[in-house]
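Participant: Read off the chains here:
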Amino acid sequence: MNTMNRRITALGGLAIASAVAVSAANPAAAYRGGVGRAAPVNRPANVQDARSNISNHNVNANRNTNVNRNVNVNQNVNVNRNVDVHGGYYGGGYRYDGWGHPVAAAVAVTATAVAVGTFAASLPSSGCSGVSIGGIAYQHCGPNYYQPVVQGGTTQYVVVAPP
Amino acid sequence: MRKSRSVRVLVAVLPALIAPALVLSVRPGRAATQPATPPAAATPAIAPEAKDALTRMGAFIKSLQTFSMHQDIVREQVINGDLKVQKSSTADVSVRQPSDLKSEVHGDDDRNHTLFFDGKVLTFYVPETKYYAQMDAPGTTDQALKAAETRYGLEFPTRDLLFMSSTDDLTKDLTAAGFVGTSRIGDADTEHYAYRTADIDYQLWIQPGDKPLPRRLVITSKKLPAKPQYSATLTWDLTPKFDDALFAFQPPEGATKIAFSASGSMKNSPTQAQPQK
Numbered sequence: 001m002n003t004m005n006r007r008i009t010a011l012g013g014l015a016i017a018s019a020v021a022v023s024a025a026n027p028a029a030a031y032r033g034g035v036g037r038a039a040p041v042n043r044p045a046n047v048q049d050a051r052s053n054i055s056n057h058n059v060n061a062n063r064n065t066n067v068n069r070n071v072n073v074n075q076n077v078n079v080n081r082n083v084d085v086h087g088g089y090y091g092g093g094y095r096y097d098g099w100g101h102p103v104a105a106a107v108a109v110t111a112t113a114v115a116v117g118t119f120a121a122s123l124p125s126s127g128c129s130g131v132s133i134g135g136i137a138y139q140h141c142g143p144n145y146y147q148p149v150v151q152g153g154t155t156q157y158v159v160v161a162p163p
Numbered sequence: 001m002r003k004s005r006s007v008r009v010l011v012a013v014l015p016a017l018i019a020p021a022l023v024l025s026v027r028p029g030r031a032a033t034q035p036a037t038p039p040a041a042a043t044p045a046i047a048p049e050a051k052d053a054l055t056r057m058g059a060f061i062k063s064l065q066t067f068s069m070h071q072d073i074v075r076e077q078v079i080n081g082d083l084k085v086q087k088s089s090t091a092d093v094s095v096r097q098p099s100d101l102k103s104e105v106h107g108d109d110d111r112n113h114t115l116f117f118d119g120k121v122l123t124f125y126v127p128e129t130k131y132y133a134q135m136d137a138p139g140t141t142d143q144a145l146k147a148a149e150t151r152y153g154l155e156f157p158t159r160d161l162l163f164m165s166s167t168d169d170l171t172k173d174l175t176a177a178g179f180v181g182t183s184r185i186g187d188a189d190t191e192h193y194a195y196r197t198a199d200i201d202y203q204l205w206i207q208p209g210d211k212p213l214p215r216r217l218v219i220t221s222k223k224l225p226a227k228p229q230y231s232a233t234l235t236w237d238l239t240p241k242f243d244d245a246l247f248a249f250q251p252p253e254g255a256t257k258i259a260f261s262a263s264g265s266m267k268n269s270p271t272q273a274q275p276q277k
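So the sequence lines, in the order shown, correspond to chains A and B. This note's numbering applies: residue 1 is where the first sequence begins, and numbers increase by one. This note's numbering applies: residue 1 is where the second sequence begins, and numbers increase by one.
Everything labelled a hint here was simulated from the structure, so no lab data went into it. Keep in mind that this is a model prediction, so the values were computed, not measured. Using N, Cα and C, we set each Cβ at its ideal position, and we do this for glycine too. Worth double-checking, as some hints may not be accurate.
[Said to hold, decoys possible] If you anchor each label on the Cβ, the simulated ranges turn out as follows:
no.	chain 1	residue 1	chain 2	residue 2	range
1	A	A111	B	A262	30 to 36 Å
2	B	G181	A	S132	55 to 61 Å
3	A	S132	B	E128	15 to 21 Å
4	B	G107	A	S132	25 to 31 Å
[As the list claims (entries may be wrong)] Example chain A residues on the side facing chain B (calculated, C-beta under 8 Å, incomplete):
no.	residue
5	R51
6	S129
7	I133
8	G134
[To be verified] From the derived model, a few chain A residues whose C-beta atoms are all more than 12 Å from chain B:
no.	residue
9	S126
10	G127
11	H140
Construct the entire structure; sequences and hints are all you get.
Facilitator: Here it is in structure tokens:
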């Protein structure tokens, strides 16, 4: 993790070195992704939504669940923001994807296998092909099979064993 | 006249609203200038006027057979405990009671989707990907939405206001309630009320008169330290023209059916983000 954070700091060119030390206020400390990582973006546990209902029927009411997350399918948006929030939450070629997580733009599909059961809000931006096996739709990206599902009100892609 | 009433009510109720544990009257055996240490038992302060407004609003909405509404929503997200950002969305909702619903949502974070319900099947459709997921839910719209929320974490904002089995659904959880003042929202001079429950505080701006519709709803999640707010501004059409086709989902060409995933199965922690070496 420290390697990851230092890489982010260096590439971002931002003065967040002091913030690499774990600080609840610094979003950079929550980052798990990094430039060059082609693995799918996973959902961090550090983004919380305001409640949108007066009475709550969600069995997971106490979890930091967010509904209506990003659906980023094959997007090639590279937003270079220069908003100085906590020493550079945005910027350095990163795009804030709504998960409190930087997403390197236009990430190509990876040859690396991703753990089965991993959820991702978006697929790699290229190299995926849609397949239907046994009546179920998958996205085949490199060695990984992603099954799109609707979870909490948004589309998520869960890594499954090759069908 | 209205101003003096509101000021009078505000003075009487708002302190109790803010600190329901404080009793405003003088306790026997103590001097009148006793410092306000909270008594052992908290006294709920639900102003009858505010509770009645909620009941009247609920009853009116329940009486509507068909309506459509537009919602402008701003929802705060909290990053890492204290960085708040606002996310915006709109929803166009068409309701034909008891079991027809269409809700078209556009918003930040690519949350565009359309929800359909026809008394049998709830469909969640994403136009950009043409994915759709369906859930069997025979019954009323209220039942279907509650089942979807419980099973799949699918939230339908303003569900509580639009669909309730009884007006008691709203009033039974109140710990405090009060009238705040009058406030102009859109084309209406509304009456602004504040309510508290154990988990949240919320505010409603309700049209006066014979159509007590909510024009704004703000919910404060006070259990989160940053206390993020959800805010919805509402406009209503009580005489919409609907036909059955509006609520029926027909998969367009190229649409792909996918599954709902139970929210309990979400186990992705940051440690799972690591690719296998």
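Participant: Hints first: check each against the structure and report whether it holds.
Facilitator: Hint check results:
1. A111(A) x A262(B): 30 to 36 Å: Holds, at about 31 Å.
2. G181(B) x S132(A): 55 to 61 Å: holds (58 Å)
3. S132(A) x E128(B): 15 to 21 Å: holds (19 Å)
4. G107(B) x S132(A): 25 to 31 Å: At 30 Å between Cβs, range holds.
5. R51: For R51(A), the interface hint holds, since the closest Cβ of chain B sits about 5 Å away, which is under 8 Å.
6. S129: violated (14 Å)
7. I133: Because about 13 Å separates I133(A) from the closest Cβ in chain B, which is outside the 8 Å limit, the hint is violated.
8. G134: violated (13 Å)
9. S126: holds (16 Å)
10. G127: holds (15 Å)
11. H140: holds (14 Å)
In terms of the numbered hints stated before, the structure departs from hints 6, 7 and 8, listed from lowest to highest.
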